[in-house]
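Here the numbering used here is used: the first residue of the sequence shown is 1, the next is one more, and so on.
Among these hints, one or two may not hold up.
Cβ pair distances, simulated, as ranges [stated by the list, open to error]:
(1) 141 / 334: 25 to 33 Å
(2) 483 / 231: 48 to 56 Å
(3) 163 / 385: 54 to 62 Å
(4) 163 / 210: 29 to 37 Å
(5) 416 / 167: 35 to 43 Å
(6) 254 / 386: 40 to 48 Å
(7) 141 / 509: 27 to 35 Å
(8) 227 / 165: 48 to 56 Å
(9) 510 / 193: 25 to 33 Å
Derived by calculation from the structure, the hints in this document are not laboratory data.
Beta carbons are placed, not taken as given, at the ideal position from N, Cα and C, and that holds for glycine.
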Amino acid sequence: MNSNQLIPGAVALTLSAAIYLWRRSQHSVPLPPGPKGNPIFGSLLDGRYKIARSDAYWLKFAEYTDQYGPLVSVRMLHERIFLVSDPELISELFEKRAANYSDRDISEMGKLIGWDQEIIFLNYGPLLKRFRTMLHRALNNRVSLDYVALQRYETTRLMRRLVDQPDGFMGHIHLMAASIAIRIAYGYKVDSAEDPFVISAEESMAAFSDVSAPGRWVVNALPILRHVPSWVPFATFKRRAEQVRLIDEAAQNEPFEYVLKQMAEGTAEDSFTSKLLQSEDGQPVDDETKKLVKNIAGSLYGAGSDTTVSGVQSFFLAMTLYPEVQKKAQAEIMAYMRQRSTSDALSRMILPADRPNLPYTSALVREVLRWHPIVAVVPHRSSSQDDCNVVSRGKVYRIPAKSVVMAHVWRIMHDPEMYPEPERFNPERYLVDNPPPEPENYAFGFGRRACPGIHIAQQSMWMSISNILANFTINKARDEHGKEITPEEKYFAGVISHPMPFKCSILPRKGCEEWLQELDE
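With the hints as extra help, turn the sequences into a complete structure.
This is the structure we're talking about:
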């Protein structure tokens, strides 16, 4: 690139810095403390090279919190990110002041893909309210009980796969969660991991997680680059955006067209999509409603699927590293099952109704959510008004309008004052007289942007984890010399946090295979 091509970028950087300094001089209420950074770039370079290229960007954010406190201001060029790791302040901003903090931040990369029209990134307003009302109808706590039979069926299929091919456990978890989400959304039964709907959905979620990682794409810091043609050698972001757009279109269009075809033939199974495509007067819905339904149905996969995958995969890692925890949960389950009437194979299945009778196992599932949170940071965006009355540690600060405000969930879950020895997987921390806050309060988002699929995800996690504990034992794998392999606690740096692939030994417990065979009969 020659010097003439660099001039526009240099001018843009200079103007951005000037705008930032001018804005800063106009207010008497100070911004929260934070890293000083470069005079022009702020912490952009720190973010790009020390956060985005780390396996855990949330750890860098935690360093900022440890140094500057529970409310941190981080400048990235002319924009700021505000990190909040105080639960009371999160409640104040995202719940009590929800009218000002319920918008979503969408990056320039997201706009290039077309995500600004997706439910997850819509600003709070009439359209988002309509979307969430539709989702609530399909996913609320009462309706979620209607899906127990489906979750029981898919949990059984998961266990059969663990018997037949234990080394593929991470893929089996993906398939279970995908099968539940796709059946709920489209009334479509998934038979294998090679199903085209599963492949499309997995590709879409992987692309979302990849594209959304902080500091990953230069266009987010320099929006002017969005006008660069995709054929320019350094415009990798532009080519990736085009690729992700096609992936997303396939993931939404193909199963939606399947439902339309089934409805036309009179063979459609009841599903979220088929119900919303049937108007009360029996007339076909208009094209605008079809578009909304397609959008919302596509979001159901992420709402209840990827969160389940993350949690159950973390459970396998935790049991591999903490066998004593597994033994205690298994002992509790076995004692309970001996007391319970199990006249047939189906009655041996552990269901959501059994959870109050299994306090240690319930605490174990709760600790999975805390130990490695499904979402490390939850981003919101403030609306059009500056907030000049944000109190942290007795001091008053300002959060400017249209700022990115992130709840630092990982830091909250690893606060040693709330959760002593936070790195240790310890379910017993919830079984004392004055237990710490339940991780569910933070794991699934906040206020008007809380995850609508929370009930489905928690049911799936409970049923899969409790039944696996009842029927399998998870141990460390061994190498060719018989030496135990201790897996590392390493996680991908996407928006939804998944453990990196690891090995473990999964052995059926006594009676497991016979029970599964009995269920088939």
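task: Please flag the earlier hints that this structure goes against, numbers listed from lowest up.
output: The structure breaks none of the hints.
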